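Listed here are the chains, written in short residue letters.
There are 2 protein chains.
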Amino acid sequence: MYRTKTCGELRLSNVNETVTLAGWVQRVRDIGHLVFIDLRDRYGITQLSLNADSNAALCDLARKLGREFVIQVTGKVVERTSKNTNIATGEIEIYADTLTILNESETPPFTIENESDGGEELRMKYRYLDIRRPLLKDVLVTRATMIRAMREYLDNKGFIEIETPNLIKSTPEGARDFLVPSRLHNGSFYALPQSPQILKQLLMVAGMDRYYQVVKCYRDEDFRGDRQPEFTQLDCEMSFVEQNDIFENFEGMVKHVFRKTNGVELPDFLRLTFADAMRLYGSDKPDLRFDCKIIELNDSLPQSEFPVFNNTLASGGLVAALNAKGCAAYTRKQLDELTDFVKATHRGLSGLVNIRFNADGTVKSSVDKFYTEEQLREIGKACGAERGDMILIAAEKVSKVRKSLGDLRLELAKRQNWIAPGSWSVFWVVDFPLFEKDEESGEINFVHHPFCSPHPEDLQYFDSDPLRVRAQTYDMVMNGSEILSGSIRIHQRDLQNRVFAKLGLTEEEIDHKFGFMLNAFKYGAPPHGGCAFGLDRWVMLMTGGETIRDSMAFPKASNGKDLMMDAPAVVDPKQLVELGIAVVNKD
Amino acid sequence: MYRTKTCGELRLSNVNETVTLAGWVQRVRDIGHLVFIDLRDRYGITQLSLNADSNAALCDLARKLGREFVIQVTGKVVERTSKNTNIATGEIEIYADTLTILNESETPPFTIENESDGGEELRMKYRYLDIRRPLLKDVLVTRATMIRAMREYLDNKGFIEIETPNLIKSTPEGARDFLVPSRLHNGSFYALPQSPQILKQLLMVAGMDRYYQVVKCYRDEDFRGDRQPEFTQLDCEMSFVEQNDIFENFEGMVKHVFRKTNGVELPDFLRLTFADAMRLYGSDKPDLRFDCKIIELNDSLPQSEFPVFNNTLASGGLVAALNAKGCAAYTRKQLDELTDFVKATHRGLSGLVNIRFNADGTVKSSVDKFYTEEQLREIGKACGAERGDMILIAAEKVSKVRKSLGDLRLELAKRQNWIAPGSWSVFWVVDFPLFEKDEESGEINFVHHPFCSPHPEDLQYFDSDPLRVRAQTYDMVMNGSEILSGSIRIHQRDLQNRVFAKLGLTEEEIDHKFGFMLNAFKYGAPPHGGCAFGLDRWVMLMTGGETIRDSMAFPKASNGKDLMMDAPAVVDPKQLVELGIAVVNKD
Numbered sequence: 129m130y131r132t133k134t135c136g137e138l139r140l141s142n143v144n145e146t147v148t149l150a151g152w153v154q155r156v157r158d159i160g161h162l163v164f165i166d167l168r169d170r171y172g173i174t175q176l177s178l179n180a181d182s183n184a185a186l187c188d189l190a191r192k193l194g195r196e197f198v199i200q201v202t203g204k205v206v207e208r209t210s211k212n213t214n215i216a217t218g219e220i221e222i223y224a225d226t227l228t229i230l231n232e233s234e235t236p237p238f239t240i241e242n243e244s245d246g247g248e249e250l251r252m253k254y255r256y257l258d259i260r261r262p263l264l265k266d267v268l269v270t271r272a273t274m275i276r277a278m279r280e281y282l283d284n285k286g287f288i289e290i291e292t293p294n295l296i297k298s299t300p301e302g303a304r305d306f307l308v309p310s311r312l313h314n315g316s317f318y319a320l321p322q323s324p325q326i327l328k329q330l331l332m333v334a335g336m337d338r339y340y341q342v343v344k345c346y347r348d349e350d351f352r353g354d355r356q357p358e359f360t361q362l363d364c365e366m367s368f369v370e371q372n373d374i375f376e377n378f379e380g381m382v383k384h385v386f387r388k389t390n391g392v393e394l395p396d397f398l399r400l401t402f403a404d405a406m407r408l409y410g411s412d413k414p415d416l417r418f419d420c421k422i423i424e425l426n427d428s429l430p431q432s433e434f435p436v437f438n439n440t441l442a443s444g445g446l447v448a449a450l451n452a453k454g455c456a457a458y459t460r461k462q463l464d465e466l467t468d469f470v471k472a473t474h475r476g477l478s479g480l481v482n483i484r485f486n487a488d489g490t491v492k493s494s495v496d497k498f499y500t501e502e503q504l505r506e507i508g509k510a511c512g513a514e515r516g517d518m519i520l521i522a523a524e525k526v527s528k529v530r531k532s533l534g535d536l537r538l539e540l541a542k543r544q545n546w547i548a549p550g551s552w553s554v555f556w557v558v559d560f561p562l563f564e565k566d567e568e569s570g571e572i573n574f575v576h577h578p579f580c581s582p583h584p585e586d587l588q589y590f591d592s593d594p595l596r597v598r599a600q601t602y603d604m605v606m607n608g609s610e611i612l613s614g615s616i617r618i619h620q621r622d623l624q625n626r627v628f629a630k631l632g633l634t635e636e637e638i639d640h641k642f643g644f645m646l647n648a649f650k651y652g653a654p655p656h657g658g659c660a661f662g663l664d665r666w667v668m669l670m671t672g673g674e675t676i677r678d679s680m681a682f683p684k685a686s687n688g689k690d691l692m693m694d695a696p697a698v699v700d701p702k703q704l705v706e707l708g709i710a711v712v713n714k715d
Numbered sequence: 129m130y131r132t133k134t135c136g137e138l139r140l141s142n143v144n145e146t147v148t149l150a151g152w153v154q155r156v157r158d159i160g161h162l163v164f165i166d167l168r169d170r171y172g173i174t175q176l177s178l179n180a181d182s183n184a185a186l187c188d189l190a191r192k193l194g195r196e197f198v199i200q201v202t203g204k205v206v207e208r209t210s211k212n213t214n215i216a217t218g219e220i221e222i223y224a225d226t227l228t229i230l231n232e233s234e235t236p237p238f239t240i241e242n243e244s245d246g247g248e249e250l251r252m253k254y255r256y257l258d259i260r261r262p263l264l265k266d267v268l269v270t271r272a273t274m275i276r277a278m279r280e281y282l283d284n285k286g287f288i289e290i291e292t293p294n295l296i297k298s299t300p301e302g303a304r305d306f307l308v309p310s311r312l313h314n315g316s317f318y319a320l321p322q323s324p325q326i327l328k329q330l331l332m333v334a335g336m337d338r339y340y341q342v343v344k345c346y347r348d349e350d351f352r353g354d355r356q357p358e359f360t361q362l363d364c365e366m367s368f369v370e371q372n373d374i375f376e377n378f379e380g381m382v383k384h385v386f387r388k389t390n391g392v393e394l395p396d397f398l399r400l401t402f403a404d405a406m407r408l409y410g411s412d413k414p415d416l417r418f419d420c421k422i423i424e425l426n427d428s429l430p431q432s433e434f435p436v437f438n439n440t441l442a443s444g445g446l447v448a449a450l451n452a453k454g455c456a457a458y459t460r461k462q463l464d465e466l467t468d469f470v471k472a473t474h475r476g477l478s479g480l481v482n483i484r485f486n487a488d489g490t491v492k493s494s495v496d497k498f499y500t501e502e503q504l505r506e507i508g509k510a511c512g513a514e515r516g517d518m519i520l521i522a523a524e525k526v527s528k529v530r531k532s533l534g535d536l537r538l539e540l541a542k543r544q545n546w547i548a549p550g551s552w553s554v555f556w557v558v559d560f561p562l563f564e565k566d567e568e569s570g571e572i573n574f575v576h577h578p579f580c581s582p583h584p585e586d587l588q589y590f591d592s593d594p595l596r597v598r599a600q601t602y603d604m605v606m607n608g609s610e611i612l613s614g615s616i617r618i619h620q621r622d623l624q625n626r627v628f629a630k631l632g633l634t635e636e637e638i639d640h641k642f643g644f645m646l647n648a649f650k651y652g653a654p655p656h657g658g659c660a661f662g663l664d665r666w667v668m669l670m671t672g673g674e675t676i677r678d679s680m681a682f683p684k685a686s687n688g689k690d691l692m693m694d695a696p697a698v699v700d701p702k703q704l705v706e707l708g709i710a711v712v713n714k715d
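These protein sequence lines are chains A and B, in that order.
The first sequence begins at 129 in our numbering and counts up one residue at a time.
The second sequence begins at 129 in our numbering and counts up one residue at a time.
Derived by calculation from the structure, the hints in this document are not laboratory data.
One should not assume that every hint holds.
The list cannot tell twin chains apart, which means a pair is met if one copy fits it or any two copies do.
[Stated by the list, open to error] With a straight-line cut-off of 20 Å between C-alpha atoms, the simulated SDA-like cross-links for lysine to any residue are:
hint : residue 1 : residue 2
1    : 714       : 701
2    : 689       : 314
3    : 204       : 134
4    : 702       : 314
5    : 383       : 213
6    : 133       : 230
7    : 133       : 216
8    : 285       : 273
9    : 133       : 505
10   : 204       : 226
11   : 702       : 300
12   : 285       : 388
13   : 689       : 643
14   : 565       : 631
Note that this is a predicted model, so its numbers are computed, not measured.
With the sequences and hints as input, model every part of the structure.
Laid out in structure tokens, this is it:
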């Protein structure tokens, strides 16, 4: 070893020991007769002290050190006169006797500090320098800690980690597959798995009973928003279980991971139905770190001539409100911003009605013309408004109102700082519908995937009213992000065939894509169910990142490129000849 | 849960408990007034007992059960009158009160037993049934146990598990890359990693200090022998280390894994130089579960007119022997078989000389004409021959003699049962050469990979005599198989460039393939080194498998096909259009 100790472990109790450290030069301060070096490694920073009086040559060498030089130092641990309480090693320093330069460094393209001067693109190109920043290094350490805690919990519960193959058959569902041309079987392709869904179900057919895997998955999607072409799932499956068994097991696991990672004790998880989530929060992944429910007013609106509300009610729409606590004093400009927010194309409201319950007891509204003060107070009461609150009301088609108010409550939370830093909201959303209708094509689609089991009690509607059938499907929502999705699976061949048929697959398609799975179901498939965690997102939430890029060592940029390696890239034409493929210019 | 207990856990202490089990019907025995069912799950087998007198309907149902039906049973645990000491649950049985069929099964295409009647191809097609066989199921459980022990050890030593990307840049070295066409960047390709070698080195540059990953790797090789297109490595890297640190750390890990998996305490590992391994065993991965060294006779051959030996010595070749202990009585047929064995094209000997030291004290030899009995006894003495032994002597070019006798000692061990069942031999081979010369092209090639550091003391020969330079490279050999390969890496940009140049890469090639890595070396790369374990092979050795296929859940057949999923396969032409590629017929 080039060292006897790391840069993070020396304390007062080590005083007088002679130690050897190795690491990177964070900075050099030359104050004439003394030179100080901050030496950094993964574990921390230790101050080295060199005395020009006693060792002039060493000081001369130290003065030549640049940032990020790799050095090795031997010396005695001494107590510092001016202690630094900000770092764990701040009570000691090393009186260096020898110093060896192990490697030099050019000046890095950005500063290796949490508040770096490098933009994101530059830092992704030099990711190996970006990871030296404690912020990102700590994310990778936390990620490993979290995964370790997951394994610990699952291992103790009798789960077996089993690796499934990554060169599989293309059965695109929802997203596009990445394909891998086969050299030995000209014209044939492997696909990279979008998830090990079918394989883990086959492991249940195989009797493995409890399976998990931390596994890379691949989706060839257009890069918008927070997506990566390869991402990591914690993938799990259990046999002989019902929904409740899954809930208990994985709620326990998430609590264990929190305990081991950040010491937070999570309370028991709420189980919110999909219907309630949509009705109360306008989202299937609401953020419950603050309250602010959607209040439906269809049945409690006072009589009035206000045409917007009356027309909405007449056409079967929804009139609903949010109580914007403490927002009565919003300015015209702020109100306009909220109106613009809900008018955005993807929300589609035409506007918002507001009723302000001012601190002085007066009431003001944008519909004063149509409602008496008493009627406004009546609406306020239905919404639980107090002095200082503002009620915001939307009236439109049900789905638009819910979507818009769901987004608006998040926007208000941001503006009003309703979310306490360090607070957590983790719960289940249950009873998703099995199918949904594509509004444009009118086609019936699955909501999760085609292997989710219908609720036994809703099977009676399967043919007559398929959209009414709930699935045994569930999500786990953390701080407003979906971090888990799962279901009890179909284990009966006949039922699986009925679902495929309902989705419009022909017998030929079913056989080509899923024949091997349906075949497996002939030989004693047990009842089973499971789930998959979006690991990158969970890590992001635990480490305060803003995109899942922030939770990976070597992410792709938003155009799918690895800026560090410059991948994808043009390859040697000989490689394509061997593979029996040619590039076709798409332009 | 569909069960309160598993089929593997009930004991005498559970007698009188009412339990619910679920699992697969292993077999049904109907003896008239009683029906017995062996119920199987991952954890074991439990006997169910149904009484026709007390519950005729239940017995009727049970008689209809076929093999591999999935059932759920509730009943009372009772002590068996005739106990089965072969299974852990053999002291009890369940008096079944209720029985529910959870799923039916067609008759499986082969028997679900360790000694199955299904051939390998059939079992791979129905891998989900193959895995129900306890033998294969136990392999997967052992594999998980081993990996858990590895992680446990490495986590305790401060290693961080970090996931590296699988969609990277193609930098083929040695083997062919699998390519993944990019849809968004027409004409560009990702490659699947042959190993995370460069990425883990960049993690060291990034200061992560100690890294590991259980990771899939991909090589598009022709399928011969024991190869899989995707396989698993335990990949590791450490900073600020020398070879000895790596040896100590991973020797400790292997011992830990043995302790946790099969309870074996391995002795400290020998460190055998590559030169000694070749000289003494004719192989860089010798099996040391038995002795039988190669004995070089060039300096100790008695004077004789035997032209084969004399010509060999004159031309700088090698005369060397094996002492085939206890083989003096080999028949002519057996001797011919050994001669044919060493004459195989890839070994290339022209024959073997034998000297038999018979049990009765006489000596016989195939070269009686050229040597006196005294001379033969002299050779025998040099080889440590005793009564009953046979000395086999080869004379040829050094490399042929070593290769042939190395193979021959393995062949003798097999024939003579020299390897005790359950014995282990695990050790290091060190000091590999850095380069080797391709015998045909005369080109200089790397022995391991181009990132291995030369021995500092041999750097002086780098230009004058490159083949003399030893690398800081090492393998771990287990029972005659290489299960680990590693090295101290080059961390100096200049030296790395010199190695690339020595391998014949142009500056342009170096820049295109490795530019990002050499760039990283500008910014303070620490001294580092590491290794990678071939996990599939290690699991195979621990579980007594014959090919690495036997240690994976879903392996490919020898033609690279997944027989269960039927992959690779022809894909929808629309997918190729989207990817901007076309199939070119190779015939």
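A quick look at each hint next to the structure:
For the homomeric pair residue 714 and residue 701, the shortest alpha-carbon distances inside one copy (18 Å) and between copies (14 Å) are both at most 20 Å. For a Cα distance limit of 20 Å, the shortest separation of residue 689 from residue 314 across copies, 13 Å, qualifies, whereas the shortest one inside one copy, 28 Å, does not. In this assembly of identical chains, the alpha carbons of residue 204 and residue 134 lie at most 20 Å apart only when taken from the same copy (14 Å versus 60 Å across copies). For a Cα distance limit of 20 Å, the shortest separation of residue 702 from residue 314 qualifies both inside one copy, at 15 Å, and across copies, at 18 Å.
Taking the shortest alpha-carbon separations for residue 383 and residue 213, neither the intra-copy value of 32 Å nor the inter-copy value of 42 Å comes in at or below 20 Å. With identical chains, the CA atoms of residue 133 and residue 230 are at most 20 Å apart within one copy only, with a shortest distance of 17 Å there and 60 Å across copies. For a Cα distance limit of 20 Å, the shortest separation of residue 133 from residue 216 inside one copy, 14 Å, qualifies, whereas the shortest one across copies, 50 Å, does not. For the identical chains of this complex, residue 285 and residue 273 are neighbours both inside a copy (19 Å) and across copies (14 Å), given an alpha-carbon limit of 20 Å.
With identical chains, the CA atoms of residue 133 and residue 505 are never at most 20 Å apart, being 70 Å at best within one copy and 60 Å at best between copies. In the homo-oligomer, the alpha carbons of residue 204 and residue 226 lie at most 20 Å apart inside one protomer (11 Å), although the nearest pairing across protomers, at 76 Å, exceeds that limit. In this homomeric assembly, residue 702 and residue 300 come within 20 Å of each other (Cα to Cα) only across copies, at 12 Å, whereas the closest approach inside a single copy is 29 Å. Within a single copy, residue 285 and residue 388 get their C-alpha atoms as close as 17 Å, and across copies as close as 18 Å, so both meet the 20 Å cut-off.
Only between protomers do residue 689 and residue 643 lie at most 20 Å apart by alpha-carbon distance; the minimum there is 17 Å, versus 36 Å within a single protomer. Proximity of residue 565 and residue 631 under a CA criterion of 20 Å is satisfied intra-copy only: 11 Å inside one chain copy versus 61 Å between copies.
Hints 5 and 9 from the earlier list are contradicted by this structure; the remaining hints agree with it.
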